[in-house]
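Peer 1: Let the hints inform the model, and build the full structure from the sequences given.
Residue numbers (my numbering), protein chains in the order written: chain A, 7 to 262; chain B, 18 to 270.
In short, the hints are calculated from the structure, not lab data.
Ideal placement from N, C-alpha and C gives every residue a C-beta, glycine not left out.
The reader is advised that the hints may include incorrect statements.
[Said to hold, decoys possible] In silico contact screen, one side only, chain B against chain A (beta carbon under 10 Å); selected entries:
#, residue
1, 81
2, 83
3, 148
4, 248
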Amino acid sequence: MRRGWFAAALALALAIVLTFLTLPVVAIFVQQPPGDLVAALGEEGALDALWLSLRTTAAALAFILGVGTPAAYLLATRRFRGRAVLITLIELPLVLPPAVAGIALLAVAGDLHLGLSLTTAGVVVALTFVSAPFYLRQAIAAFEAVDPTLLDASRTLGASAARTFWRIAIPTALPGLVAGTALALGRALGEFGATLMFAGSFQGITQTVPLAIYDRFATDFTDALALSAVLVAVSAAILLAVKLVRGPDVLGGAAR
Amino acid sequence: MRRLIALAGLLAIAGCGDDATVSGGDGSDRPQVVVSAASSMKEALTSCAPRFQDGEVRLQFAGSDELAAQIRQGAPVDVFAAASTKLPDALASEGKLEAPVEFASNRLVLAVPAADGKVTSLDDLAQAGVKLVIGAEGVPVGDYTRDVLAQLGPARSDAILANVRSNEPDVKGVVGKLTQGAADAGFVYVTDVNATDGKLKAIELPADLDATATYAAGVVAAAREPEAAEAFVDDLLAGGCHDALLAAGFTEP
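Peer 2: Listed below in structure tokens is the structure:
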């Protein structure tokens with residue numbers, strides 16, 4: 007009897023969680039007829055925003071993967087003084103409010119006269135800054151979980167350090183790296199605050215999808231809903247794709 | 018059944034936000050007036066609101082168009098004070114706002130960083146390489162900016178608009194880009210320049226251009242504290258907040 011009561015309470019808690027998390031997302035799709043949403047996407051500004059979001063996110067991810075992967079490998083496989091401090095510094099943007107990220111980028115760009123603010127390159131910088139830690143964290147954990155004897159065996163058998171990295175470490179850590187990429191991708195696509203403060207909002211140059219949603223929500227709610235629906239669909243697709251390719255546990259934690 | 022319970026849970030959570038009255042320091046219950054006001058009034062209203070006698074004022078600032086959209090979507094707001102007459106009139110015609118009244122005027126100016134000499138007049142704005150930041154279309158300051166530029170004729174207007182690097186969602190966004198040196202010039206209200214303590218410099222627009230912005234406010238039709246809301250609108254018209262607006266550089270409507 008008591009167990010039945012407890013099971014019902016658990017089910018109720020789950021029902022509340024599900025309702026709370028899914029109701030607003032469902033509302034995006036049902037408040038307007040689907041036809042209106044599709045038509046709103048045909049608007050020139052909406053396509054510009056989607057295209058810009060894709061380009062800037064791809065550029066940010068290319069940088070994060072290219073530089074972040076070796077950096078994470080170094081941090082994961084070497085032990086040295088100050089390593090924990092370094093990792094904490096790298097993870098800091100993860101918990102920084104986006105507005106703080108925007109102010110920080112404005113301040114550094116102003117001091118160094120980089121000329122990045124209000125440009126597409128500035129958007130890439132903002133996306134990279136806020137999303138890189140998501141990848142780095144996962145990548146460090148994934149490389150740490152690679153069995154060191156595997157790497158030692160590879161070296162003993164005559165493979166160079168670089169070849170060991172490419173042929174052993176990366177393939178073994180791949181599920182974690184893919185999960186980190188997905189998290190960074192999702193974060194970059196949704197970036198709003200830092201982009202608006204640092205890069206501004208201009209159609210085709212700096213107005214990514216989240217900024218376009220914000221720009222429209224006061225004047226054209228249907229357009230804002232349509233773009234939101236696209237972001238929901240893309241985000242869901244990322245989540246699903248990762249789960250299908252790498253198994254359901256991939257987004258769960260560090261590397262297996 | 019389970020769905021009903023979940024719904025009840027949600028309603029209970031929603032109910033927690035329902036705090037229309039707050040206890041005053043003397044133990045009496047004072048009505049809480051929620052005021053949605055245009056960003057440009059931030060400094061003035063923040064200074065006068067604590068002295069408002071008829072209730073506890075809770076202020077929220079954003080672009081007037083956003084605030085109007087929130088009210089349209091049913092946000093619990095008592096007073097809407099906009100940087101235009103257009104948005105309150107539109108809400109009133111939809112039955113969402115009681116008849117709005119004009120309570121102050123502001124003036125659009127060209128603002129530049131005080132330390133930067135790149136832009137010294139309206140004519141400089143069309144030069145190549147000038148980074149201009151303005152309000153987005155639909156936001157009052159953005160619409161006033163486009164109205165003023167349209168008075169210059171299509172050739173000059175297009176040349177200037179070609180240098181726009183960002184369409185900001187409210188006037189504070191424009192001010193922020195200028196004070197941080199991210200842009201060379203922007204169109205803001207003269208009161209915004211006054212509020213930057215000398216970081217920005219105002220370049221007055223030629224007298225033959227109409228650069229006046231008229232501010233209007235009204236009580237939201239669904240206001241939970243209509244009497245206190247009415248009193249706050251009166252205060253904007255001729256009270257402590259009206260004086261604060263004049264002190265900040267606003268003028269009579």
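Peer 1: Evaluate each hint against the coordinates.
Peer 2: Results of checking the hints against the structure:
Proximity of residue 81 of chain B to chain A holds as hinted, the smallest CB-CB distance being about 9 Å (cut-off 10 Å). The beta carbon of residue 83 of chain B comes within 5 Å of a beta carbon in chain A, closer than 10 Å, and the hint placing it at the interface holds. A cut of 10 Å between beta carbons decides the hint on residue 148 of chain B: the least distance to chain A is about 6 Å, and the hint holds. Interface hint status for residue 248 of chain B: violated, as the beta-carbon distance to the closest one in chain A is roughly 28 Å, over 10 Å.
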